[in-house]
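Chemist: If you want the building blocks of each chain, they are given just below.
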Amino acid sequence: MQVSDKQVIIFGGDPAGIAAAIEQAEAGRRVVLVETSPALGAGRIPQTHLLNGNSTWADPNFEAAKKHPNIRIITNAVVEKASAKDGSYTFRIRRKTGRVDPEKCDGCRECIRVCPINMYDDFNEGIGFRTAIDFFNPDTGDFNIFREDMPVCQATCPANLDIRSYVGNIADGEYAKSLAIIRQNLPFPLAIGRVCPHPCESACNRGYMDEPISICTLKRFVADYEMKNGLTAPVEIPDEFHREKVAIIGAGPAGLSCAYFLGRAGYHSVVFEALAEPGGMFRYGIPEYRLPTPTLMHEINWILSHGAELRCNTRIGRDISYEEIVKQFDAVFIGVGAHKGMKLQIKGEDMEGVVDGVDFLREVNGGKKWPAKGKVIVVGGGNVAMDAARVSWREGFEEVHVLYRRTKKEMPASPWEIDAAEQEGVKFQYLVAPIEVVGNNGKMTGLKCLRMALGEADASGRRRPVPIEGSEFIAEAETLIPAIGQAPDLGFVPDDGRLNISRRNTFVVDKSNYMTNVEGIFSAGDVETGPDIAIRACAGGRKAAEGIVRYLEARRAKG
Amino acid sequence: MQYTTDVRLIRLMCTGRVDPTMVAEAFIEGADGIMVVGCHFGDCHYISGNYQARVKMGLASRALGYVGLNAARVAFKQCSSAEGDRFVSHVTTFHDSICEIGPLGSAEKLPLPKLKDRVDTARAALASEKLRWVEGKFTEFQNNGNKYGEKFTEHEMWRTLDTIVIDEIATHGILKEMRKGAASVIELAERLEIAPPAALKYVLALQRRGLVGLAGVDGATPSYRLVERPAKAA
Amino acid sequence: MQYENKGRFIVKFTDIPSPRQHHIEIEVDERRNNYSEVELGFDEERAAREAKRCLSCRRCLGCALCWAECKPEAIQFDLQDEIIEIEADSVIISPGGERALNRIDSRFGLAKDVNVVTDLQLERMLSESGPSGGLVIRPFDGQIPSSVAFVQAYDGAASAMNRSALTFAVNEVTLLRQKLPKAEIAVFGGFEDFSEGKSALDSAGATLIAAPVQSVTPNGGSPVKVAFADAQAKEFDLVVLITQPVMSNDARDLAKALGLDISYANFLSGEGDGLIQTNKEEVRLARQE
Chain A
1 MQVSDKQVII FGGDPAGIAA AIEQAEAGRR VVLVETSPAL GAGRIPQTHL
51 LNGNSTWADP NFEAAKKHPN IRIITNAVVE KASAKDGSYT FRIRRKTGRV
101 DPEKCDGCRE CIRVCPINMY DDFNEGIGFR TAIDFFNPDT GDFNIFREDM
151 PVCQATCPAN LDIRSYVGNI ADGEYAKSLA IIRQNLPFPL AIGRVCPHPC
201 ESACNRGYMD EPISICTLKR FVADYEMKNG LTAPVEIPDE FHREKVAIIG
251 AGPAGLSCAY FLGRAGYHSV VFEALAEPGG MFRYGIPEYR LPTPTLMHEI
301 NWILSHGAEL RCNTRIGRDI SYEEIVKQFD AVFIGVGAHK GMKLQIKGED
351 MEGVVDGVDF LREVNGGKKW PAKGKVIVVG GGNVAMDAAR VSWREGFEEV
401 HVLYRRTKKE MPASPWEIDA AEQEGVKFQY LVAPIEVVGN NGKMTGLKCL
451 RMALGEADAS GRRRPVPIEG SEFIAEAETL IPAIGQAPDL GFVPDDGRLN
501 ISRRNTFVVD KSNYMTNVEG IFSAGDVETG PDIAIRACAG GRKAAEGIVR
551 YLEARRAKG
Chain B
1001 MQYTTDVRLI RLMCTGRVDP TMVAEAFIEG ADGIMVVGCH FGDCHYISGN
1051 YQARVKMGLA SRALGYVGLN AARVAFKQCS SAEGDRFVSH VTTFHDSICE
1101 IGPLGSAEKL PLPKLKDRVD TARAALASEK LRWVEGKFTE FQNNGNKYGE
1151 KFTEHEMWRT LDTIVIDEIA THGILKEMRK GAASVIELAE RLEIAPPAAL
1201 KYVLALQRRG LVGLAGVDGA TPSYRLVERP AKAA
Chain C
2001 MQYENKGRFI VKFTDIPSPR QHHIEIEVDE RRNNYSEVEL GFDEERAARE
2051 AKRCLSCRRC LGCALCWAEC KPEAIQFDLQ DEIIEIEADS VIISPGGERA
2101 LNRIDSRFGL AKDVNVVTDL QLERMLSESG PSGGLVIRPF DGQIPSSVAF
2151 VQAYDGAASA MNRSALTFAV NEVTLLRQKL PKAEIAVFGG FEDFSEGKSA
2201 LDSAGATLIA APVQSVTPNG GSPVKVAFAD AQAKEFDLVV LITQPVMSND
2251 ARDLAKALGL DISYANFLSG EGDGLIQTNK EEVRLARQE
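First to last, the protein sequences are chains A, B and C.
Numbered by our numbering, the letters in the first sequence go through residues 1 to 559 in order.
Numbered by our numbering, the letters in the second sequence go through residues 1001 to 1234 in order.
Numbered by our numbering, the letters in the third sequence go through residues 2001 to 2289 in order.
Keep in mind that the hints were calculated from the coordinates and are not lab data.
Misleading hints may appear alongside valid ones.
Some but not every residue of chain C turned toward chain B, in silico, with C-beta under 8 Å [what the hints assert, rightly or not]:
no., residue
1, C2054
2, L2079
3, Q2143
We treat Cβ as the ideally placed atom computed from N, Cα and C, and that holds for glycine.
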């Protein structure tokens, strides 16, 4: 047969994909057939035409596809990269190993008779079960060992903490081992154990049986155990450090994580912090009653002992120029977070008495006693709004109200934070949106609001609030705290346009090493992802540190 | 040394020699309690015999507990050959606790033949290649890790063994019933006192392994029977 | 009840259910006008109790028993993933038959009663090489059902998807009739624009009930109650949910990476022959049967 050098790639090893593969191969083209599951797909009942006397199941011709010289089959495939350029398409495909050599396997099934592990049978939609080593599709007999890369809790955790091991070690009473496992991926067990909204627990399989494991509080427990019992946390750094130095801008969760992992890999870093104390959002965003400063500082001091130098009260662009830093250091990590509150974009927002949520929290966390009098209205439904409301209550406002334009069900804040705020006496007004700040002589006296109703679902799947006409009313209050979202403040970046910045005012990085488009400049945390949970920033800091280490090694190798 | 005459001593070279199936068999033979007493950890003449015994005894008490035997009837204690007083105290304490539990079957609230039948199923599960293999891997998994280099905590190891024990007891219960003849899922569930959906899953799993096959369909009821295979069983 | 999810299966451990431990916290009256830490975490006892609840979800143990048993020595634990770079002149995408299972409303009783299954599960049972050896059975007890209801468990699907879902269901009814000649088969669904489907149901001896289903009530293994129209209800041994086809995430990611503008309806357009062209030259879609 004449074989052309034209190559066709087919995604999907179901009957339609297999039929297309055979047809293309017969036409003389070279074919690559890519399937994500461990075997080609089973026969299917047609879903585009009705069965009649002559038609039957769509049965794939496995033999023809397997034996055809022009067809190469890649099962268990993950498409890692796909791109189209100049009429040609390139792909990077990972063929995950099934750990069974198909050339040697004779299909005797002895392995599945002895395998001690029963598992969910994906191929058969969970009717019966499969074993850990098994054929996937009985008709193709491709044996494989199914081994998930990570258990579901670990896969859900942004930092991929080995939860199964550290929880198991707590069950065994091996607290030091447990903590060591956590610290391989995260330097902040004390802080994260207190503030994390723990997506891992929502994913926990036990949640389907009774209630999920309290993973986050367990992490806090081992870290607390070490601190409260005066045990010394081990510092694992090499005897000798490399000569290169890394600048870290921002001593928050991302920056300090980056410094910690750089230290472990043998690199010194200098951490620049604009504010008076380190910690970033941990210090100035999370209220004291959730994360006490002495606890946080205990952890930060330990992190800094990994070869990092801290310079507080040093704002880039004011105390030292960005260019100076780039010149002095071999690599730069930017983790300045997202500390600029979003505006409500309503009339009267500049009046006295209006203070943004993140600014309010920063001031109070910084030690300022707020002149709290009368009523305060917090606008927003996220965790920052809950923090602002609960802090307001502690500062001594007589009444604290939270306005949210949807209902409790749609609120993005963690449910336990909402419950705690309610318990503390914070009043929630749902389906209300602010439209104007009203006041006298530039001083606010109230907030004009509109009642809302829930309409159709929007792209995010949440029902969109729509205003109810003529429902305006004025809520009296002396203070308004909008907490509807944050964005990074990138004022320090020189406006020469060299650094790629997204529309959301975040840095664009290559996810494989967290380097920005400028060589040697790395970034992670909220300034790269937009406002997100702390553990994702920590994970970003770690991955960026790995990227920096690879970058510096490659540079050294070049000489 | 003076202690109760209700006990019978069986001497072995090492506690590591006690196979979990022996414990099950002792109950089938009519014992009301079994205590294994051996050297202190770290003092084993054969280096790790008592560590293995710890796993084996743990597994035996879990499997027997799972089929309804009062797990307090199984005990594992340490004492050296020089500690006569300690031995007497172990024996006395264990004897008293067994007296309190009462004879086999009474605390379990099960007729004796039924309890023994269930203990026999546990024995078959304990004798299975799967449990023996994984139980043998216990210390290796903890200290050096498995084939993928993952180390297991003690807790993970026992959870894993528990899942296998539960699966194996159900599986061997079904195989035992089928040796008496073909049976439907409903009959199996009733006789083994397990939930019908679980019984169905295990029957289908045995069918997938080629150990069980469809015997026929009587009205709305399919029944299954053993498939003759040369040599090895599950 | 046992729980199953992709990749895992949990047995009924003797300690299920057992309650989750709650952290210790200070009273509300102790919190006003101060910043004392509210949550105090676990004490050692609670921590131990909570940690022991972890199920260490089952996975391949790496115990190598299969390896020890494998006579041809085909099992190799150290086999590594392989990275393959491929350059192609043209691309064909076939997305298979994914279903929007997570969007099924809880009133249809899926996962609450094992005798409520999806159309994909029934497809596996209809297959001769399927998990039950070609028997259609009730997942509760393995009995062969004497009455089966098909229930349309989605609404507001685009017409091509709706058509595809109903075609799939009608074909299943046809095949099911061959297996269960005497069973009562009822289909709850909207067939207004699908007269061929209606007549196929007729010739398979199935009853079409156009009234929308209000609820499917789990019944712990006894016949499942399907409530429809105005307070009417009927009981069935097995309920099959007709689900909505969706484009798989894999196909969607691929389309995005290649800059394609495709919707799932493209895959399902039944008329014509050969491959379906997309907005990109040299990228086509495999036509589904």
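Chemist: Each hint needs a verdict: does it hold in this structure or not?
Modeler: Each hint tested on the structure:
no.: 1; hint: C2054; result: holds (7 Å)
no.: 2; hint: L2079; result: violated (11 Å)
no.: 3; hint: Q2143; result: holds (5 Å)
Checked against the numbered hints listed earlier, the structure breaks hint 2 alone; every other hint is satisfied.
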